[in-house]
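Novice: So the chains spell out like this:
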Amino acid sequence: MTTFPEFIQQNEDRDGVRFSWNVWPSSRLEATRMVVPVASLFTPLKERPDLPPIQYEPVLCSRATCRAVLNPLCQVDYRAKLWACNFCYQRNQFPSTYAGISEVNQPAELLPQFSTIEYVVQRGHQMPLNFLYVVDTCMEDEDLQALKESLQMSLSLLPPTALVGLITFGRMVQVHELGCEGISKSYVFRGTKDLSAKQLQEMLGLTKPTAAQAGRGQQQQQQPALPSNRFLQPVQKIDMNLTDLLGELQRDPWPVTQGKRSLRSLGVAMSIAVGLLECTFPNTGARIMTFIGGPATQGPGMVVGDELKTPIRSWHDIEKDNAKFMKKATKHYEALAGRAAANGHIIDIYACALDQTGLAEMKCCTNHTGGYMVMADSFNTSLFKQTFQRVFTKDVQGAFKMAFAGTLEIKTSREIKISGAIGPCVSLNAKGPSVSENEIGTGGTCQWKICGLDPNTTLAVYFEVVNQHNAPIPQGGRGAVQYVTQYQHSSGQRRIRVTTVARNWADAQTQIQNIAASFDQEAAAILMARLAVHRAESEEGPDVLRWLDRQLIRLFMFHLRRSPFLQVFNNSPDESSYYRHHFMRQDLTQSLIMIQPILYAYSFNGPPEPVLLDSSSILPDRILLMDTFFQILIYHGETVAQWRKAGYQDMPEYENFRHLLQAPVDDAQEILHTRFPMPRYIDTEHGGSQARFLLSKVNPSQTHNNMYAWGQESGAPILTDDVSLQVFMDHLKKLAVSSAA
Amino acid sequence: MNVNQQPHMASPYGQPQSGYQGYQQTGYGNQHVPGGYPTPYAPYNGPASTYQPGPPQGMRGPPTSGPPPVSGTQAYSQFGQGDTQNGPPPMAALQQRGPQPGYVGQYPGQQSYVAQPPAQAPAPAPKRLDPDSIPSPQASDIPPVQKTRHRIDPDAIPSPIQVIEDDKLNKGNEPFVTGVRGQVPPLVTTKFQVKDQGNASPRFIRCTAYNMPCTSDMAKQSQVPLAAVIKPLATLPLDENGPYIVDHGESGPIRCNRCKAYMCPYMQFIEGGRRFQCGFCSCVTEVPPHYFQHLDHTGKRVDCYDRPELSMGSYEFLATVDYCKNNKIPQPPAFIFLIDVSYNAVKNGMVAIVCQELKTLLDYLPRENPNVASNIRVGFVTYNKVLHFYNVKASLAQPQMMVVSDVADMFVPLLDGFLVNVAESRVVIESLLDQIPDMFADTRETETVFGPVIQAGLEALKAADCAGKLFVFHSSLPIAEAPGKLKNREDKKLVGTDKEKSLFQAQVSFYSNLAKECVAQGCCVDLFLFPNQYVDVATLGVVPTSTGGSIYKYTYFQGQADQERFLNDLRKDVQKQMGFDAVMRVRTSTGIRPTDFFGSFYMSNTTDVELAGLDCDKTVTVEFKHDDKLSEETGALMQCAVLYTSCSGQRRLRVHNMAVNCCTQLADLYRNCETDTIINYFAKYAYRGVLNNPTKNVRDSLINQCAQILACYRKNCASPSSAGQLILPECMKLLPVYLNCVLKSDILHPGADISLDDRAYLRQLVSAMDVAESHAFFYPRLLPVHKLNVEGNALPVAVRDSEERLSKGGVYLLETGLNLFLWVGANAQQELLQNIFGAPAFSQIDPNMTSLPILDNPYSKRLREIIESFRAQRSRYMKLMVVKQEDKLELIFKHFLVEDKNNSGGASYVDFLCHMHKEIRQLLS
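Protein sequence lines correspond, in order, to chains A and B.
Per the UniProt record's numbering, the first sequence starts with residue 1, numbered consecutively.
Per the UniProt record's numbering, the second sequence starts with residue 1, numbered consecutively.
If we strip away everything but chain B, and leave its shape as in the complex, we get:
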């Protein structure tokens, strides 16, 4: 269920909606919705269509924590069957967390698991579950009455919260020092400090495995993906230093003669320092005279610690003119704002909001030195069916608008005065931004173009001979006659069929060609969408996702309600540090090589990742494959070099180095894996897979690979035990739960209520996510804020994403990385409500509020602080939604309780674990 639908939800909550009533009833009563569902994408007349429940899956209801409220009984009474199938008594029992009747008896082994200490440490504690009792998701339509006999205690299976908390406890207290090869860094959920002593910080690079198998046979056997998630321009916390800038003078950075790897700590100086041997390809290269330095008795250069490139994992080189396009020092980059001024865009308030905001935002263009004005120039275009360029040259008394109607053959009508310095042209720009909303206030033009808009920006950058970024604010499907014209191809009937993949593919090839041109010019495109119907994100997103840009989507945007989120996103997007016209190259030790790349970029060959723009949030996942043997002594080295133009127009090379161990024993591999990173890789791999394969095949292959990983461990590393036991490696014990989350995500297992656009949007979004974001995206953080300690800084321990864990008397904050929910239990204490909402009673809480009232009590303050700090951690602004228990909005909320079965048929954690076990057993037998 997609967060982006919530803006649409927000307004009519107050109105009674029959659709929701029906849904709630089916949710609990597990029944067919009486009557048909309104067609999806019917003209927008209320939110009913979006959250229609899926076709009944004929399964039992998820184990809900709260029994139906008393008032609900009447509602249920409309549906007689509901009562018989879903009797409240077992639910009530669950709520009290009592063991399921009959469970212990059915699982004799369980006691032994509980009792067994993790004696094999660091080998993982084996977990045994009775295989016979594991219901597979496919078997989930067995009537619930039968199944309750086989219930597994959710507390007995690996808990993400436990793992996260343990990691915090073990690793969060001391700095993570990167000097030692092959160290597994703390989890992304742990707060820690990094000391760069020769390897890149995990904030820049995280690997799936920190001890790689030496041979490809081993790698194949284990099926553990070997990948690195690289975030080259990641923002570091204030207490960590950013990469130092190194200037090697006119001749440029010192590099290996053969593989062209950049000078780094892995280069071995020999012959008294006159030459160095490359750690990657072993080639010996002369040290240039100006770089010569004597070695000490250990063979280290004397100046080793004075030079970042010899002692640090991450640093930057100043690039020489040889590293510039056309051997020309680049011009400072430009930002071009392209604003849709068609009827919809004007009416929903977007145009006015953007124009108003830009007036102040332009003062905060990215700069490297906060004391110097930004070098970035800006330009403005508005468009509907035609494009309007604006001349805002400082010398003009008033702005000039130039209309280009010839969209078939786009060109930029002006050279001088389109891209200007903000400070110089401030008066004219302000006058323009004041006028734009008025000029189009009465517009009746509903048709828009899109291809020519990007072409226009691209042409403008070409004319100015610089790189830059386009900010496109767009509202509707571009149906006007122009290149890149699209038609509405939304067809939900294709979901679940072999043709489903076409929904993720672009409708026309125009945009991929355009993207190529953009990349060649260093034109990054950020797309802000404000649709109120299908806009074909899959196609519109091609250019942004190929140019290192981002897509933001505000469905059913309404000025007042949604501007906070949009403006925060816009501000962040405009202000964030970024590099332009970037090329990234990953070099590795002989023995492995990067074979596959995931993210928002374009590749014209197999090695160079071309990013027209690369911002601090963009992440590239790189997969490695063996092409030879690795050695245990040298380990596996990788060097990621990103050549980019900084926002001041300086050409630079950022280098991240990473060394991991290599092993000949599978156990070593399994001991040094990072599940969050593996999941990041799996998600990106699968999300790309759906472009070309039926979704079901993608899901099956994910399950299969995961089963193989675990089976391989079971076979080769675990101590012999009963075949019926499920044994998971310690550092992968969350793999099943997380994988389940990936599998039941909206992309791989859509509910009927998710739009095609949202799926395309999320798919593209995930492809550039880093590990921290993908973690929260797949396994949201659920904080019991009623347990908040207002005194200290500590956050309450999160709870698992399951309805069972919610207490009726509690208030919970759920964070998905894209959204925030504040769930309020029906029995929450009055004092708590008063503190948070200033409302005396549960019934008086306004579910439409988008921010908490500012109340002068420590509790409210602390809660708002937490919300702000959560928001600060994410690249996108998370809108807060208040969800009252039993409210219709609760359904959206429940979608994120990922350990539970969801209403589109996604398995619960327990069920999936059982299924996994079955798969593993099949592989083993």
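If we strip away everything but chain A, and leave its shape as in the complex, we get:
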């Protein structure tokens, strides 16, 4: 048998699943004693270029409450052409197409290496992809120009049959009719008035066929064209038109007087976008891409008034219940997110502004629909431009890496139930026998909607062992979990990916070592962190910290405690929302980086090496490369910086110095190329203002309080009141032995 680490790695590579425990305690009582619940990080669309698409539909268990998919764990009677469901033990007849089945002629889904398998549903016509751009026009010309260029560029990245639409907003909201010759048309809405989907439908004239369409009715019957309307048209048809339209976009012309913010009808614009897709393409993959240059300042969903003298809410205001627009706005966006999610539509938010834009209120739009949240200072930064371009990344087959309108259904063995999921999903409220009463995250269901998926999208799924202590599981029994992910592939096909995994049961009293050895520390940490962040989102901050401290105490949690996911000090509500958004959807590796940044040191003393995330690692003759997921930071130590300033790198005799300088840059580029969203790239040096990003992350083993006590030579003191890991650990030890804990 391979070692657990290998097993875990193999499992992750094949199925995109990582469990906190890889051997499960066999009773509820024992499981609760384990503190860390049985849970999994599941990446539904884990990239598997080797996976052959299966061109038929999955075979389902005939029991109405089960409907599990035939999988390698099923018992098969080849003679009787029967298979037994491994979840409900129902015996099922194979369909007639499986008549030729035998031990030597097995369908793929029965082969053990296909524990993850992808079916391509043939029935139904192909659905078009919809991309609805929602563009803020209240921004500086320079920003707008950059944004326009990015948008124009994106048109060339879309498949020619994809439908695109354009909504612009400022003081008013304009829904642009595309494909008009000679005159550009748009429907204009007041930015202060929310409209129901029905009203919107009437106002856009979508209720009845227009005269032109009615006239062409006969033709349409002959050749069923792609469904489209005046507002969403195939890229290939209106490419030029839309490019021109974008080119002509002007800043919102309404005057903004001194001391005022632009009136920005973001709430209504999003509402219209959601409504438009809702009534034209329900349950069809669609992306609403919202580009905003500032906060909503009027109408439903406004997060701040237009008076510049009243600043946008801070955490302080929120805690003091002093953010008067927050509740109402959040409610507005939550309702929108719910509507979009119900129809399988994704909402992306690309917010580029120096101040906050209200992401804290709007977070549910992206978090519930699997949309992206991108935050940058300006549309004219490479951070935005590259990130936006990366949205349209394609795989080797030339298909988008994004998937649409997905649903995840989880089936479990009888001994285990589903408590809930945490990630970019919403509940579909599908009750079933496998649903636990104990809710963790989004619970009470065995089905979730994930409107937007990409290969990194990862859900944390929490289980509960329900087997009673007095009903032991036979030796060698295994618990199984099946993940069924249905989604719309970017080619328009409907696909179903089925992942079936099983883990051994073990009696905690007798086989505790086994269970302990199967513990996946990383997965557990992330799973707990997700839970913590989820609670932080919904509960008061300090309580979460206290809860966390009670739960698990390891190095990891020290950083998690200090991370922006839980700490709101020094972060705006928007930033917190932004960080949490990404933490809640990234896979394990990325999540780990987010919590505990990676620090590499480059020096003349040897090859680059990972070093402790500690202030003691900051040395004058080192170059440090820190990756916090959101930032890539290159820090030149004091001496290195002086050398660089003196220009040694340009002298031929110091070529090695030039190489040294170049090495972290090259490494950084590599990360920059692959990561979504593109991290902020920071090049700084000792004493540089940007060095604060590094200093805030490292363990403050040396501070202004203790620097003279500690070794003088190494490291850099950090000016902070935060306790260092050492102090933290000491305190923990005390707590651990005290009876009060």
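Errors might be hidden in some of the hints.
[To be verified] So the derived list for chain A, only partly shown, Cβ under 7 Å to chain B, looks like this:
1. Met-172
2. Gly-182
3. Ile-183
4. Ser-184
5. Lys-185
6. Tyr-187
7. Val-188
In short, the hints are calculated from the structure, not lab data.
Positions of the beta carbon are idealized from the N, C-alpha and C atoms, including for glycine.
Starting from the structure of chain A, add chain B where the hints point.
Specialist: Coordinates of chain B only, in the frame set by chain A:
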């Protein structure tokens, strides 16, 4: 009968129409129409419904001039009774203008009247008629056979034509100099030149009386209305100078400290010129140092004749910033064109015609200096159930259309690029105007909104912070769900009942509130209607009539046939000089004060007339009442000041001053009245009255007031004579005939064939008419063009509006101010027809022609010149209709022969005069 129905009539004339046949027959035969009438406002399937004769009134037929043509006899034979009641022999006799048999004998006094010279001049010549013989209109259902015994010679009663011609002769030759107080100006029908020497030209102000009674008792006794009809921005003939512009510098115009009257010739300078005493309120005000000037030995300022405000009746001041809204120099005004693009509007061709015309018309926006481009900016909106705004900014490659569907809560979707300078955005505008007809060519939208359309224009002006005018081209009743939505409430059964007034009232209060907002912004609304069914003009017209706008109505509009009239109206309307965001205030001498105002405007208090727009045709009638005594020495002064923004965006004050005499003798009053102006006042008074009173009450009170005026004269001024004599004051001798015309107008005495919309339309139209227009409207001009002298410039003498006066061999041109008819007698000479129509015979004249063929003969040229000159005189383009004698169209024509009895029961001149006499006698006894 309304002119606006004629477009509808025009097309199907060629088709046989049973309705007309029946009508003609009843008209002559005076019979019930056999069978029912098609319901009014049935779906439009021909014009039959509109001209249905009214329910038979059971009266005798009007004295027709022509006997039924030979061919007609067969037609009549269908109706046996017709022959017995209306025997042709007496008619034939009438035609020869022979005195009625038995008349002389019945009226012994008549000879004495004829013989009596106007010895009492200037007192009016008394006219005596036998009271016993006067049939009242109520008595008109006495069988005609009996009545013919009492006939009065129409030639013996006061003739409007005679009065008009006399006035032309007496006053038309020398200029009318305004320097003398209390002079009665020439009639509006007389061509004359005005020299402003201290009082406003009668083109600006006409008064009902130029010698006002000194006391309110006298005024009450006489019942003569004291009113002035003011047309502040009237266009003057080329040979008269417009008002001079006076700039009093930064401190603004010099005014009386107390009553705030503006400097004018009535201010008396005292104390060597250091102070002046106000002629209106007698308050003494310091003369500002910069305005000081020495006085000459007569007490006049030395610079009197250098300063228009000291020597002229009319002039303009440049207003300072204090006179501007929000103390801000106004922006140049804007014109916004709002075009209905619903199915009907597209189908009848209106959209295409408007768009095509605007392309050229936009070059002729009003401007003050013809060498400088107009400052006025333009904007475009189209609409049906939703509104489409257009961005036509010069920098755009193509226009942008912005649809606003949220009509419940109107807003303007764009700021920049909606209102543009024509010259700068010409390419984009033309592209837009080219595209609009195409874009909506296939529309199926039949529902329209109206309230939001005006709101949109208003909001746009608000956003641009300027005044302006909306041109709304609208086709149908706004039934789409939106503010100001209306329902079809047309109910002809209400006509003649106490509820009739509701038909003139607005259906909803929405529009009056909207009008208020428009006025506050200086947003004038002109409405062009193209209905083919009921559109509720009474309600739609609220905003235009409250904002100084106009309503134009083209019922059953058809592109080809009607575009000439519409386009001419549109051109005139767009090009005419106007002022924006105006406020008018009339100040008077102590003793009288303005108490009532009539016209298209809004008043938020009792003194200020607010006009969002004021064009050169708009007239305000002001009524005065005594609140104290006037003195004979000073007379009564009035000053009308209009503060407005000119089309170039300049804020100005136009001041008109008028001084009239005051009298203590009633005879002086009666000697200096102006009947045309009195009628203008009466008509406006009555037409407003129908909003709140049953029509019959309004008519009765008019008759009553008129009778009192005449009775008062008879009692106090006329030389004693037999009680049976009807004696009329010289300058009011046409009062009965004109009043009759008012009484039998479509508003006060509707026929069954006039639609409610037309009545509402005419009612609103008359409320802003000046005296010249109201005169022609009530007593149309009828020219015998067969007597045309092609050599000179003179027009033939008009004839009286009676069928008796028409000669079968003649051709007549009738002008109502809204319409032109060319009536062709059945026996007209061939040469005449050839000259006019190029047609060899009467039967070959095409009755559908809308303009005369251009023929190269002096007669044709002259006739067309006359028609053109008539059209030029009127604010609205008059469509020409050719009416052949005995043709079905003749009925419309006959409606304008106002001295005759009309078929809806309106009395003839003679009958009404008799009735009047009876009323007077009752008052006297």
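Novice: Could you run down the list of hints and mark each one as holding or not?
Specialist: Hint-by-hint comparison with the structure:
1. Met-172: holds, 5 Å
2. Gly-182: With a minimum Cβ separation of about 5 Å from chain B (threshold 7 Å), the hint on A:Gly-182 holds.
3. Ile-183: This interface hint holds because 5 Å falls under the 7 Å limit.
4. Ser-184: holds, 5 Å
5. Lys-185: holds, 4 Å
6. Tyr-187: Cβ of A:Tyr-187 sits 4 Å from chain B, so the hint holds.
7. Val-188: Since the shortest Cβ distance to chain B is 3 Å, the answer is holds.
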